[in-house]
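K.L.:
Line by line, the protein sequences give chains S and Z.
The first sequence begins at 1 in UniProt numbering and counts up by one.
The second sequence begins at 1 in UniProt numbering and counts up by one.
Quick caveat, the hints were computed from the structure, so don't treat them as lab data.
Glycine included, each C-beta is placed from N, C-alpha and C at the ideal position.
Certain hints may be false.
[Claimed, not checked] Far from chain S, by Cβ distances over 10 Å, these chain Z residues were calculated:
#: 1; residue: ILE68
#: 2; residue: LEU94
#: 3; residue: LEU98
#: 4; residue: LEU138
#: 5; residue: LEU193
#: 6; residue: THR218
#: 7; residue: LEU252
#: 8; residue: GLY262
#: 9; residue: THR291
[As the list claims (entries may be wrong)] To give an idea of the interface, some chain S residues facing chain Z are shown, with a C-beta separation under 7 Å as derived from the structure:
#: 10; residue: LYS20
#: 11; residue: PHE22
#: 12; residue: TYR27
#: 13; residue: GLY30
#: 14; residue: CYS33
#: 15; residue: GLU65
#: 16; residue: ILE69
#: 17; residue: SER73
#: 18; residue: GLY77
#: 19; residue: ALA84
#: 20; residue: ILE125
#: 21; residue: MET129
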Amino acid sequence: MATEFHNLQELRHSASLATKVFIQRDYSDGTICKFQTKFPAELDSRIERSLFEETVKTLNCCYAEAEKIGGQSYLEGCLACATAYIVFLCMETRYEKILKKISMYIQEQNEKIYAPRGLLLTDPIERGMRVIEISIFEDSGSTSSSSTGSPSSGTAQ
Amino acid sequence: MSAVMITRKATRKWEKLPGKNTFCCDGRVMMARQKGVFYLTLFLIVGTCSLFFAFECPYLAVHLSPAIPVFAVLLFVFVIAMLLRTSFSDPGVLPRALPEEANFIEMEIEAANGNVMAGQRPPPRIRNVQINNQIVKLKYCYTCKIFRPPRASHCSICDNCVDRFDHHCPWVGNCVGKRNYRYFYLFTLSLSLLTIYIFAFNIVHVVLRSVDSGFVNTLKETPGTVLEVLVCFFTIWSVVGLTGFHTYLISLNQTTNEDIKGSWSGKNRVQNPYSHKNIFKNCCEVLCGPTFPSVLDRRGVMLEDSSSPTPSDVSAASTHKGSNPVSQTTKSSAPLIPNEHTPDEAKPSIGAGTQKSTSSPKEEKPPSPTSPNAVAPAVIKESTH
Numbered sequence: 001m002a003t004e005f006h007n008l009q010e011l012r013h014s015a016s017l018a019t020k021v022f023i024q025r026d027y028s029d030g031t032i033c034k035f036q037t038k039f040p041a042e043l044d045s046r047i048e049r050s051l052f053e054e055t056v057k058t059l060n061c062c063y064a065e066a067e068k069i070g071g072q073s074y075l076e077g078c079l080a081c082a083t084a085y086i087v088f089l090c091m092e093t094r095y096e097k098i099l100k101k102i103s104m105y106i107q108e109q110n111e112k113i114y115a116p117r118g119l120l121l122t123d124p125i126e127r128g129m130r131v132i133e134i135s136i137f138e139d140s141g142s143t144s145s146s147s148t149g150s151p152s153s154g155t156a157q
Numbered sequence: 001m002s003a004v005m006i007t008r009k010a011t012r013k014w015e016k017l018p019g020k021n022t023f024c025c026d027g028r029v030m031m032a033r034q035k036g037v038f039y040l041t042l043f044l045i046v047g048t049c050s051l052f053f054a055f056e057c058p059y060l061a062v063h064l065s066p067a068i069p070v071f072a073v074l075l076f077v078f079v080i081a082m083l084l085r086t087s088f089s090d091p092g093v094l095p096r097a098l099p100e101e102a103n104f105i106e107m108e109i110e111a112a113n114g115n116v117m118a119g120q121r122p123p124p125r126i127r128n129v130q131i132n133n134q135i136v137k138l139k140y141c142y143t144c145k146i147f148r149p150p151r152a153s154h155c156s157i158c159d160n161c162v163d164r165f166d167h168h169c170p171w172v173g174n175c176v177g178k179r180n181y182r183y184f185y186l187f188t189l190s191l192s193l194l195t196i197y198i199f200a201f202n203i204v205h206v207v208l209r210s211v212d213s214g215f216v217n218t219l220k221e222t223p224g225t226v227l228e229v230l231v232c233f234f235t236i237w238s239v240v241g242l243t244g245f246h247t248y249l250i251s252l253n254q255t256t257n258e259d260i261k262g263s264w265s266g267k268n269r270v271q272n273p274y275s276h277k278n279i280f281k282n283c284c285e286v287l288c289g290p291t292f293p294s295v296l297d298r299r300g301v302m303l304e305d306s307s308s309p310t311p312s313d314v315s316a317a318s319t320h321k322g323s324n325p326v327s328q329t330t331k332s333s334a335p336l337i338p339n340e341h342t343p344d345e346a347k348p349s350i351g352a353g354t355q356k357s358t359s360s361p362k363e364e365k366p367p368s369p370t371s372p373n374a375v376a377p378a379v380i381k382e383s384t385h
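All chains, please: the whole structure from these sequences, using the hints.
P.N.:
Next up, the structure:
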């Protein structure tokens with residue numbers, strides 16, 4: 001299949017973008033950051049459902065961990081308040097540390113799982129934590145099977 | 001425009017952000033466009049405290065205790081820190097949808113609406129989600145081209161969608177939203193304490209001094225006292241009332257915006273789905289919850305067409321520097337030409353932006369807003385799509 005896209009760099013610079021799929025937020029648990037695990041139809045032929053769900057579930061867990069209101073967030077909040085929040089100028093918050101972890105996880109997932117299948121995940125933070133953008137690149141070997149009913153709305157390239 | 005000179009400064013993303021914010025210190029500081037009232041706030045606080053330190057503190061330190069000015073200094077520093085933190089930070093602005101995302105959402109909407117007869121008005125763009133057994137409607141923002149997350153609202157003064165939008169406060173010169181609400185609350189709380197402190201010690205000082213030299217002589221020796229008492233008197237009524245109002249909101253986990261619109265007022269058995277039904281838990285979530293990072297990468301460097309990704313500075317605001325090449329941000333700016341989907345209210349908002357200096361803000365500070373339902377001295381302006 002799309003095994004010619006081993007290298008992530010090669011994928012970005014040489015492949016042509018067919019379409020993009022956006023995984024929306026799941027607000028059923030309130031305003032915490034959580035994404036829908038519903039498998040989009042456009043990815044049907046490109047990746048296994050279980051791999052995709054695994055990725056999204058891991059991301060959801062990481063965000064839930066970051067936004068957890070518990071002992072550590074209290075301590076951080078109280079310490080910061082006592083110093084008039086000046087400590088935040090030199091210290092990284094727990095949320096920021098977890099975001100870095102998430103960024104590395106996404107990069108790893110892209111390299112190992114998504115790029116070989118001609119897909120690319122974009123870190124949600126670059127889209128305002130609103131969506132997980134999945135770019136679907138065209139298979140140069142086969143016909144572009146990914147654009148199911150997407151009109152030429154300027155998304156290609 | 002392909003030749004890039006070596007000495008040319010890199011463009012940072014804040015320079016291209018849509019919306020009506022002003023940025024300082026190369027993107028580190030983010031405020032609303034109208035800053036006049038903020039300067040007034042700063043002047044009043046710094047001025048009154050200076051008078052206190054100049055006139056009252058020497059006498060009180062000697063005759064009562066040196067701890068009095070020390071505590072006043074600590075409180076003053078805390079107030080200023082909270083004010084600057086509230087004013088200069090990103091309130092939780094949601095970046096606008098890039099063209100592909102906007103198109104994707106449009107396609108979803110069209111698919112959901114089905115066939116609309118020609119000439120008929122298309123149905124309003126609303127998404128229903130269920131949160132804690134409560135149906136919450138998510139509205140579509142025509143400016144930002146997104147469905148607003150729950151509790152988000154569009155501030156027409158700053159022309160941004162803000163997450164957990166509370167209100168736009170001209171006194172701090174910024175919106176109050178998810179990221180800076182606790183700083184705003186601590187600012188009002190500490191300012192209340194500072195004002196009461198200065199007022200009380202002014203009275204003490206006048207009384208003590210009058211015993212020695214008489215009332216009129218006291219006022220002649222320390223003329224600043226009169227000014228301080230006046231400022232503190234009027235400030236106490238409004239700021240203490242505001243603090244009380246926000247304490248009430250926090251205990252219910254509501255925003256000013258929701259309170260004013262009556263979203264969870266209880267009619268039609270509608271209840272606040274975000275409340276933990278426990279005052280302590282609600283307070284903890286708002287005041288001691290995690291500190292959300294900004295999703296606006298203000299200080300990231302905008303790339304030229306084919307250059308390799310330039311690493312942006314590590315600052316508190318931008319932690320997301322993946323190896324993905326950054327695409328052009330936000331070419332989808334506010335619709336200057338209203339299309340058939342833009343409701344009438346959205347159209348004049350662009351023109352109104354230029355007349356902000358002449359149109360006076362709707363709020364005047366009401367005296368003693370002691371009841372929780374009183375209008376807080378803030379401008380709540382949002383274009384209701």
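K.L.:
So, for every hint listed, does it hold in this structure?
P.N.:
Do the hints match the structure? See the list:
1. Every CB of chain S lies more than 10 Å from the CB of ILE68 of chain Z, the least distance being 20 Å, so the non-interface label holds.
2. Chain S draws LEU94 of chain Z into its interface by the beta-carbon criterion, the shortest separation being 5 Å against a cut-off of 10 Å.
3. Not every CB of chain S is more than 10 Å from the CB of LEU98 of chain Z (nearest about 7 Å), against its label as outside the interface.
4. A beta-carbon of chain S comes within 10 Å of the beta-carbon of LEU138 of chain Z; the shortest separation is about 8 Å.
5. The Cβ of LEU193 of chain Z lies farther than 10 Å from every Cβ of chain S, with a closest approach of about 14 Å, so its non-interface assignment holds.
6. Under the 10 Å C-beta cut-off, the non-interface status given to THR218 of chain Z relative to chain S holds; the minimum distance is some 35 Å.
7. Remark: the non-interface label on LEU252 of chain Z is consistent with the geometry, its nearest Cβ contact in chain S lying 15 Å away (cut-off 10 Å).
8. Non-interface call for GLY262 of chain Z relative to chain S: holds, since the shortest CB-CB distance, roughly 20 Å, exceeds 10 Å.
9. At the 10 Å boundary, the C-beta of THR291 of chain Z falls inside the reach of chain S, the nearest C-beta of that chain being 5 Å off.
10. Interface hint at LYS20 of chain S: satisfied, since its Cβ lies 5 Å from the closest Cβ of chain Z, which is below the 7 Å cut-off.
11. About 5 Å separates the beta-carbon of PHE22 of chain S from the nearest beta-carbon of chain Z, less than 7 Å, and the hint is met.
12. This hint holds: TYR27 of chain S has a C-beta 4 Å from the nearest C-beta of chain Z, less than the 7 Å allowed.
13. Of the supplied interface hints, the one on GLY30 of chain S holds, with its beta-carbon coming within about 5 Å of a beta-carbon of chain Z, less than 7 Å.
14. This hint is violated: CYS33 of chain S has a C-beta 9 Å from the nearest C-beta of chain Z, more than the 7 Å allowed.
15. Look at GLU65 of chain S: its Cβ only gets to about 10 Å from chain Z, farther than 7 Å, so that hint breaks.
16. For ILE69 of chain S, the interface hint holds, the least distance from its beta-carbon to any beta-carbon of chain Z being 5 Å, beneath 7 Å.
17. Proximity of SER73 of chain S to chain Z holds as hinted, the smallest CB-CB distance being about 5 Å (cut-off 7 Å).
18. Nearest Cβ of chain Z to the Cβ of GLY77 of chain S: about 4 Å, under the 7 Å cut. The hint holds.
19. At a threshold of 7 Å, the smallest CB-CB gap from ALA84 of chain S to chain Z is about 4 Å, leaving the interface hint in force.
20. For ILE125 of chain S, the interface hint holds, since its Cβ comes within 7 Å of a Cβ in chain Z; the closest pair sits about 4 Å apart.
21. For the restraint placing MET129 of chain S at the interface with chain Z, the shortest Cβ-Cβ distance is roughly 5 Å, inside the 7 Å limit, so the hint holds.
The structure shown violates the earlier hints numbered 2, 3, 4, 9, 14, 15.
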